[in-house]
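Visitor: For the protein sequence lines, the chains are A and B, in the order given. Everything in the first sequence is counted per my numbering, starting at 1 for the first residue and increasing by one. Everything in the second sequence is counted per my numbering, starting at 1 for the first residue and increasing by one.
Calculated directly from the structure, the hints in this document are not laboratory data. Incorrect hints may have been included.
[Claimed, not checked] Okay, derived cross-link-like pairs now, DSSO-like style, lysine-lysine, Cα gap no bigger than 30 angstroms in a straight line:
(1) 114(A) with 234(B)
(2) 359(B) with 114(A)
(3) 114(A) with 102(A)
(4) 359(B) with 234(B)
(5) 320(B) with 310(B)
(6) 246(A) with 227(A)
(7) 234(B) with 285(B)
(8) 114(A) with 246(A)
(9) 229(A) with 241(A)
(10) 159(A) with 206(A)
(11) 280(B) with 102(A)
(12) 246(A) with 285(B)
(13) 114(A) with 280(B)
(14) 241(A) with 56(A)
(15) 79(A) with 227(A)
(16) 280(B) with 246(A)
(17) 59(B) with 310(B)
(18) 67(A) with 190(A)
(19) 241(A) with 196(B)
(20) 190(A) with 79(A)
(21) 56(A) with 190(A)
(22) 79(A) with 246(A)
(23) 229(A) with 206(A)
(24) 159(A) with 246(A)
(25) 190(A) with 206(A)
(26) 190(A) with 359(B)
(27) 159(A) with 241(A)
(28) 67(A) with 229(A)
(29) 79(A) with 359(B)
(30) 246(A) with 56(A)
(31) 280(B) with 168(B)
(32) 168(B) with 246(A)
(33) 159(A) with 196(B)
Note that the coordinates shown come from a computational prediction; the quantities given were computed from them, not determined experimentally.
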Amino acid sequence: MNKRDFLKGMILFFPAGGLLEMAANAAAKETAATDAAGAQPAAKGAPAASAYNGDKHYYGMGIEIDKCIGCSRCVEACKAENDVPQEPFYFRTWIERYVITKDHGVIVESINVKGKAAKETPQEDRDVIRTFFVPKLCNHCIHPPCVQVCPVGATFSTKDGVVLVDSERCVGCRYCIQACPYGARYLHPKTRTADKCNFCYHRVVKGLLPACVEVCPTQARIFGDLKSKASRLTRFYRMNKIHVLKPALNTEPKVYYAGLDGEVR
Amino acid sequence: MIETSGQRLGELLEHITGFIYPNEIEIHWSILIVVYPYVTGLVAGAFILASLVKIFNVKALQPTYRLSLLTALAFLLVAPLPLLLHLGRPERFYEILLTPNVTSAMAMFGFVYAWYLMGVLLLEIWFEYRRDLVVLAGQGRGLVRQIHRALSLYSTDVSEAALAFDRKAIRAITVIGIPSAFLLHGYVGFIFGSVKANPWWSSVLMPIVFLMSAIVSGIAMVIFLYMVLTALRKEPLDMLCLDTVTSYLFYAVIVDFSLEALDFIHRLYESEESVGILAKLITDKLFMSLLVLQILLGMFIPLGILVLAKARQFNEDMRKMLYFTAVILIQLGIFATRWNVVIGGQLFSKSFRGLMTYKMEGMGIEGLLLSLVLLAAPFVLLAVLVRILPTRRLEDQVAPARS
């Protein structure tokens, strides 16, 4: 293929892509409309979500470290979407910044927390050998220790691979918070029950993306269905060298990191 | 409420050293959860001391037998309170009993507790006291008589055959009771020891260390109560009993110390990923409570005192004073042990890169005041119990008077 052919191809390819997307959107709207229409006569017994079949999905998230610019829009979106208290110590997702220096020192900061310890520590540029951001959230583990220890079964794994907390059932004993190796849980000060990322389950069952994924300007976060061969996550998993957090604990996280540094815990 | 908890946590941000996951700023298991294993430990320890009399026939300990049982009961009745008060939603506590999650160690609490209270302790106490209650109900008048009759469950049979059955029942219950006491407190250790996310807790030795320290604290508590009670009642103290029980205390402290030393050496030698932060935890955060209170004041000094009291031919008063000092120091040390496990395990980040700070509330529901109330409650209960239920058998009380 010479340059001319390539450019010609491009001219055709992008509009074609746009058209396809429009067609897909129209189709999606139609199904949504029929779903809604179908649900209305059925009234209480069968809500609109009845069209959603959890058996057919298995969700996870991919995070490409090199794409994260630490803008924290995901953190803000998450707090707004999920009624997470604004104080800088309640997070369903947060960003850590790692600075690795020449003498193999590691400086880690939570960029969403502005405490004394988390203030910017200026580094001599020449001392820094690499630096990167790591978005963190609940790993929706395949073997979640939080689910294992919950005395009342208020925290549980769904069929589609999401770990949820039933705030109506949680007694607030906080054993799950102790059991989570990733610090992903907190006690919600209003409900006095455990809270954490739920992959925006209310959005996902409607076919939408989690808020953090939706707003990420660099597409550092990829959400998808591991059961679908066509999902972006499946492709991400195939195309990258993947690592998960604290693999030795055998929790089998479903948040997959591409380009994760060994210093990250 | 939300404001204040937010402000409180905000202040703590200033006291972080290194890096922590942002949600980790809040210390979730507070002083109340320190009180809980301390109290159940006393239950298990006191019961095991009582069992020495019945199973191993250590006759010298007979004067402390009933007191041990009542001590266990008084503390057991208070044990669930700190747990209940600590819940974010205490009004939902019954869910642990109605819909327990079978994979959760904590969900077993209700069953272990109920079994120990109903299946072991109350039964043994009833069989032990049945004869005396029948006799007391015959002697007393008015309300006291009614209480004694009700407590004896309106039984009246004091024939030799019935008493023989009582003795047999007590023996059987004690045989089941010892493993149950082990279960009661070993289980508390398992709750901590099975948290793989936390290297300070995650240890197979945890239930055993909990158990041994429970035996230490329980024996020390019964000695303390026995000495105080005899002094209050101006009764003579049975020195043979005191010397014997302090010997058991001495051996228990030795075993407890060996286990904890083993745990420490093992961690240091294996030197896993977490060893750096745990070393910092000990030197920066737990220096006072671990090295000074738990090990020096709570173990070495009382051990020295006990050795001194045994080795030298001191007179009775001197020995009493030494024992008394030792048991108080030991109580302090075991409380510090619980503190170091529960609070210590939450003072370092699971990123192994930083340390947090615990600031105890004063008046709040998870504060110091309430903890002191909860720690005092068993003594109040016990004061009531020893009034209704004599700590010495009636026949024994009568016998010396005649001779």
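Visitor: Please go over all the hints and tell whether each is borne out by the structure.
Guide: Right, here's what the structure says about each hint:
Of the supplied pair hints, the one linking residue 114(A) and residue 234(B) is violated, its CA atoms being roughly 63 angstroms apart against a limit of 30 angstroms. With a C-alpha separation of about 20 angstroms, the suggested pairing of residue 359(B) with residue 114(A) holds against the 30 angstroms cut-off. For the hint pairing residue 114(A) with residue 102(A), the CA-to-CA distance comes to about 26 angstroms; that is within 30 angstroms, so the pair holds. Note on residue 359(B) and residue 234(B): the hinted pairing is violated, with a Cα-Cα distance of about 43 angstroms set against a maximum of 30 angstroms.
About 11 angstroms separates the Cα atoms of residue 320(B) and residue 310(B), which keeps this hinted pair within 30 angstroms; it holds. Pair hint residue 246(A) plus residue 227(A) holds up; C-alpha atoms about 24 angstroms apart against a cutoff of 30 angstroms. The suggested pairing of residue 234(B) with residue 285(B) is violated, with an alpha-carbon distance near 45 angstroms, which exceeds 30 angstroms. Annotation: proposed proximity of residue 114(A) to residue 246(A) holds, straight-line Cα distance about 26 angstroms (limit 30 angstroms).
At roughly 18 angstroms between alpha-carbon atoms, residue 229(A) and residue 241(A) fall within 30 angstroms of each other, so this suggested pair holds. Simply put, residue 159(A) and residue 206(A) have alpha-carbon atoms about 16 angstroms apart, close enough for the 30 angstroms limit, and the pair holds. For the suggested pair residue 280(B) and residue 102(A), the alpha carbons sit about 24 angstroms apart, so the restraint of at most 30 angstroms is met. With a C-alpha separation of about 26 angstroms, the suggested pairing of residue 246(A) with residue 285(B) holds against the 30 angstroms cut-off.
At roughly 24 angstroms between alpha-carbon atoms, residue 114(A) and residue 280(B) fall within 30 angstroms of each other, so this suggested pair holds. Between the alpha carbons of residue 241(A) and residue 56(A) the distance comes to roughly 26 angstroms, so the proposed pair stays at or under 30 angstroms and holds. Under the criterion of a C-alpha separation no larger than 30 angstroms, the hint pairing residue 79(A) with residue 227(A) is consistent with the structure, at around 29 angstroms. At most 30 angstroms may separate the alpha-carbon atoms for a hinted pair to count; residue 280(B) and residue 246(A) meet this at roughly 21 angstroms.
Under the criterion of a C-alpha separation no larger than 30 angstroms, the hint pairing residue 59(B) with residue 310(B) is consistent with the structure, at around 20 angstroms. Restraint check: the Cα-Cα separation between residue 67(A) and residue 190(A) comes to about 35 angstroms, which exceeds 30 angstroms; the hinted pair is violated. With a CA separation close to 27 angstroms, the supplied pair residue 241(A) and residue 196(B) stays within the 30 angstroms bound. A C-alpha spacing of about 14 angstroms is found between residue 190(A) and residue 79(A), which places the hinted pair at or below 30 angstroms, so the restraint holds.
Distance hint between residue 56(A) and residue 190(A) is unfulfilled; the C-alpha atoms sit about 35 angstroms from each other, more than 30 angstroms. For the proposed pair residue 79(A) and residue 246(A), the alpha carbon gap of about 26 angstroms is at most 30 angstroms, so the pair holds. Between the alpha carbons of residue 229(A) and residue 206(A) the distance comes to roughly 20 angstroms, so the proposed pair stays at or under 30 angstroms and holds. Between residue 159(A) and residue 246(A) the alpha-carbon distance is near 24 angstroms, which keeps this suggested pair within the 30 angstroms criterion.
Of the pairs offered as hints, the one joining residue 190(A) and residue 206(A) holds, with about 27 angstroms between alpha carbons and a cut-off of 30 angstroms not exceeded. Between residue 190(A) and residue 359(B), the direct Cα distance comes to roughly 21 angstroms. Compliance with the 30 angstroms bound is thereby established for this hinted pair. About 27 angstroms separates the Cα atoms of residue 159(A) and residue 241(A), which keeps this hinted pair within 30 angstroms; it holds. Proximity of residue 67(A) to residue 229(A) is assessed by CA-CA distance (about 24 angstroms); at most 30 angstroms being required, the pair is judged to hold.
Among the hinted pairs, residue 79(A) with residue 359(B) is consistent with the structure: their alpha-carbon atoms are about 27 angstroms apart, no more than 30 angstroms. Taken as a hint, the residue 246(A) and residue 56(A) pair is honoured in the structure, with Cα atoms around 28 angstroms apart against an allowance of 30 angstroms. A threshold of 30 angstroms between alpha carbons decides the hint, and for residue 280(B) with residue 168(B) the separation of about 54 angstroms lies outside it, so the pair is violated. Proposed proximity of residue 168(B) and residue 246(A) is contradicted: the alpha carbons are some 55 angstroms apart, above 30 angstroms.
With a C-alpha separation of about 25 angstroms, the suggested pairing of residue 159(A) with residue 196(B) holds against the 30 angstroms cut-off.
Checked against the numbered hints given earlier, this structure breaks hints 1, 4, 7, 18, 21, 31, 32; the rest are met.
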